[in-house]
Amino acid sequence: MSVLTRVPRRRRRGALTPYLFLAPGLLLFAAFRLYPLLDGLRLSFTNARLGRTQYAWVGLANYERLLEDTRFHASLWNTAFYTVASTLPVLAIPLALAIALNRGVALRTWLRSAFFFPFTLSVVTVGLTWLWLLDPVVGPFNYYLRSLGFPVRSWLADPSTAMWTIILTTVWWVAGYYLVIYLAGLQDIPRELYEAAAIDGATGWRSFWAITLPLLRPVLLFVFVTHIIGSFQIFGQVFILTQGGPGDATRTAVQHLYETAFQNFFHFGSASAMAWVLFAVIVGFSLLQFRVLRGHTEY
Amino acid sequence: MVVLAGLWLAPALWVVVTSLKPTPDIIRTPPEWIPWPATLEHYHEVLLSSSRTARIGRAFLNSAIVSVGAAVIVVFTSAMAAYPLARMRFPGRDLIFALLVGSLMIPGAVVLVPQYVLTQRLGWLSTYQGLIVPEAALTFAFGVFLLRQFFLTMPGELEDAARIDGANAWDIFLRIVLPLSQPVLGALAIFSFRSAWNDFLWPLIAVNRPEMFPLPVALAMLRGAYSSESYGPIMAGAALSALPLLLVFLVANRRIVEGVRLGGVKG
Numbered sequence: 004m005s006v007l008t009r010v011p012r013r014r015r016r017g018a019l020t021p022y023l024f025l026a027p028g029l030l031l032f033a034a035f036r037l038y039p040l041l042d043g044l045r046l047s048f049t050n051a052r053l054g055r056t057q058y059a060w061v062g063l064a065n066y067e068r069l070l071e072d073t074r075f076h077a078s079l080w081n082t083a084f085y086t087v088a089s090t091l092p093v094l095a096i097p098l099a100l101a102i103a104l105n106r107g108v109a110l111r112t113w114l115r116s117a118f119f120f121p122f123t124l125s126v127v128t129v130g131l132t133w134l135w136l137l138d139p140v141v142g143p144f145n146y147y148l149r150s151l152g153f154p155v156r157s158w159l160a161d162p163s164t165a166m167w168t169i170i171l172t173t174v175w176w177v178a179g180y181y182l183v184i185y186l187a188g189l190q191d192i193p194r195e196l197y198e199a200a201a202i203d204g205a206t207g208w209r210s211f212w213a214i215t216l217p218l219l220r221p222v223l224l225f226v227f228v229t230h231i232i233g234s235f236q237i238f239g240q241v242f243i244l245t246q247g248g249p250g251d252a253t254r255t256a257v258q259h260l261y262e263t264a265f266q267n268f269f270h271f272g273s274a275s276a277m278a279w280v281l282f283a284v285i286v287g288f289s290l291l292q293f294r295v296l297r298g299h300t301e302y
Numbered sequence: 017m018v019v020l021a022g023l024w025l026a027p028a029l030w031v032v033v034t035s036l037k038p039t040p041d042i043i044r045t046p047p048e049w050i051p052w053p054a055t056l057e058h059y060h061e062v063l064l065s066s067s068r069t070a071r072i073g074r075a076f077l078n079s080a081i082v083s084v085g086a087a088v089i090v091v092f093t094s095a096m097a098a099y100p101l102a103r104m105r106f107p108g109r110d111l112i113f114a115l116l117v118g119s120l121m122i123p124g125a126v127v128l129v130p131q132y133v134l135t136q137r138l139g140w141l142s143t144y145q146g147l148i149v150p151e152a153a154l155t156f157a158f159g160v161f162l163l164r165q166f167f168l169t170m171p172g173e174l175e176d177a178a179r180i181d182g183a184n185a186w187d188i189f190l191r192i193v194l195p196l197s198q199p200v201l202g203a204l205a206i207f208s209f210r211s212a213w214n215d216f217l218w219p220l221i222a223v224n225r226p227e228m229f230p231l232p233v234a235l236a237m238l239r240g241a242y243s244s245e246s247y248g249p250i251m252a253g254a255a256l257s258a259l260p261l262l263l264v265f266l267v268a269n270r271r272i273v274e275g276v277r278l279g280g281v282k283g
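Top to bottom, those sequences are chains W and E.
Note that the working numbering has the first sequence beginning at 4, numbered continuously upward.
Note that the working numbering has the second sequence beginning at 17, numbered continuously upward.
None of these hints come from the bench; they were simulated from the model.
Fair warning: there could be bad hints in the mix.
Cβ-to-Cβ under 10 Å is the rule here; a few derived chain W residues that face chain E [stated by the list, open to error]:
no., residue
1, TRP80
2, ALA103
3, PHE144
For every residue, glycine included, the Cβ atom is placed at its ideal position computed from N, Cα and C.
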C-alpha cells in the first residue's frame with residue numbers, strides 16, 4: 004500500500020490518465036459481461052424466442068413455469084448431486100498427489116507435468132477419449148477390469164454409474180491444475196514447522212492435521228470455490244459422454260438451458276429465467292461458504 | 017508415484033496409439049499398445065477429407081485465429097487496466113476493482129442467451145470477432161486480477177526516476193512496466209490462449225457455418241459424422257487438437273506453473 008500513497012496527485016492535468024488506461028478493458032467488460040447479465044434478467048420476464056424480433060412482457064410467467072418443469076428440477080438435482088459428489092475427490096486426490104510430490108520425489112517436475120497434461124485438453128477431447136476407453140464392448144477399460152476379475156458394465160449407459168463415470172473423467176481432467184496450486188501452497192509452508200513438530204514427536208498424520216491442513220486453508224478455500232462455481236455449470240462432459248442420458252440421469256442445468264434456448268424450444272425468456280435461478284443458487288451458495296468459512300480462517 | 021503418473025497418461029497415450037492403427041486393428045482385443053503396422057490414414061482423412069463435417073484442418077486454423085486474437089486483446093486490455101489499479105490513486109478505483117473481482121463469480125452460462133442476442137444484433141454470428149471478443153471479455157477480469165497482483169510487487173524507484181525525467185504515465189507503462197512484466201504477461205497469454213482454444217459452449221451456439229467451427233465444435237461434429245466403430249479418425253482429430261497446447265506446455269512449463277501459482281495462491 005505504501006507504493007500507492009507515494010504517487011503524487013497534485014497536478015490536475017493527469018486526473019484523467021487512470022480512466023484512459025481503464026477505458027478499453029472496461030468497455031469490453033461492460034458490453035460483453037455486465038450488459039448481458041442485466042439483459043438476461045430483462046429477457047427472463049419476456050416471451051422472447053430465437054429469431055423473433057418482437058416480444059412481450061410476461062411478468063413472472065417464465066419463473067412460474069419453472070416451478071412445474073420437472074425436467075428442470077431433475078437437472079438441478081443432478082447438478083447438485085454432481086457438485087456434492089465430485090467435491091471430495093476433486094479436493095482430496097490432487098492434495099494427496101501434491102503432498103506425495105512435495106516430499107521431494109525424483110523426477111518431480113516430470114511427474115507434475117504428467118498429471119497436469121490432461122488439463123491442457125479441451126472438454127471435447129477429454130470426453131471423446133473416455134468415450135473410447137469406456138466403450139462397453141471393445142474399450143480397454145472394461146477389458147482390463149474383466150481380466151482383473153472385476154464386474155464390467157456399460158458405465159455410461161447405466162443410470163446408477165453414469166454420473167460417477169462423468170465425475171471420474173472430470174477428476175482426470177482437472178486434478179493436475181489443482182495439484183499445481185496445492186504444490187505452490189505447500190511450498191509456502193516453512194519447513195521449520197515440520198522439523199519442530201518432529202522434535203515434539205508429531206509426524207505423518209498428526210503433522211498433516213496440525214500443520215498442513217490449517218496452513219493450507221486459504222488454498223483449499225480457493226480450490227473449493229473454483230470447483231463449486233465450475234461444477235454448477237457442468238455441460239461439456241455430459242454433452243459428449245451421455246447427452247444427459249440414460250433417461251435424464253445425467254441431465255444438468257446448463258444442458259437443460261442450452262436445449263431450451265438453442266435446440267428444442269428456442270425459448271430465450273424461459274432459458275434466461277433458468278440462468279437467473281442458477282445464478283441465484285451460485286451466489287447464495289458462495290455467500291454461505293464465505294460466512295461459514297470466514298469464522299474459521301483465523302488462528 | 018511413477019506408476020500412477022503412467023496410469024494418468026495412459027488414456028492420452030491410448031488416443032495416440034489408436035489414431036495410428038489401421039481400422040481393423042483398432043477394436044481388436046486384447047488392447048495392443050504398440051500401433052504396428054502404423055498408418056497415417058486417419059490423419060490424412062480428417063485433415064484433407066472432402067466431407068464438410070470432417071474438415072479438421074480448417075477448424076485448426078479457425079481455433080488458432082480466435083485463440084491468438086483473444087490472447088492479444090486480453091493481454092493488452094488487462095495490462096492497461098491493471099496498471100492504474102495497482103499504481104495510481106483515483107476516485108472509484110476500489111469500486112472498479114471490486115466489480116471486476118466480483119464478476120469472476122458470474123458463471124459464463126448465465127450470460128449465454130443475452131450474449132447470443134447481442135452478438136446476433138451486431139451481425140457477428142459465425143464470425144471471428146463474434147468468437148474473439150466475448151472470449152476476451154470473459155478472461156479480462158481474471159487478467160486484471162493476475163496482473164495487478166504482479167504490478168503491486170514492483171519496486172517504485174524506476175517509475176519515480178522516469179517521472180522526474182519527465183516521462184508521462186503512458187511512457188512509463190510502455191517502457192518500464194511492460195518490459196519488467198514479461199513473464200507474467202506470458203503466463204496470461206498462455207492462459208487466455210488455452211481458455212479460448214478449449215472453449216466449447218460459446219462457439220457451439222455462436223457459429224452455425226461448418227467452415228467457421230473451431231476445433232472443439234468440429235471434433236464434436238466429427239463424432240456424429242462417423243459410426244461409433246470408427247474411432248480412428250476421431251482419435252486422430254483429438255490428438256491433433258491437443259498438439260499446440262502440448263507444445264506450448266513443453267516449452268513454457270515453468271511459466272504456466274508460475275501463472276497458476278500467482279492466479280490461485282497469491283489471491
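Problem - Earlier hints that do not hold, by number - result: When the structure is compared with the hints, only number 1 turns out to be violated.
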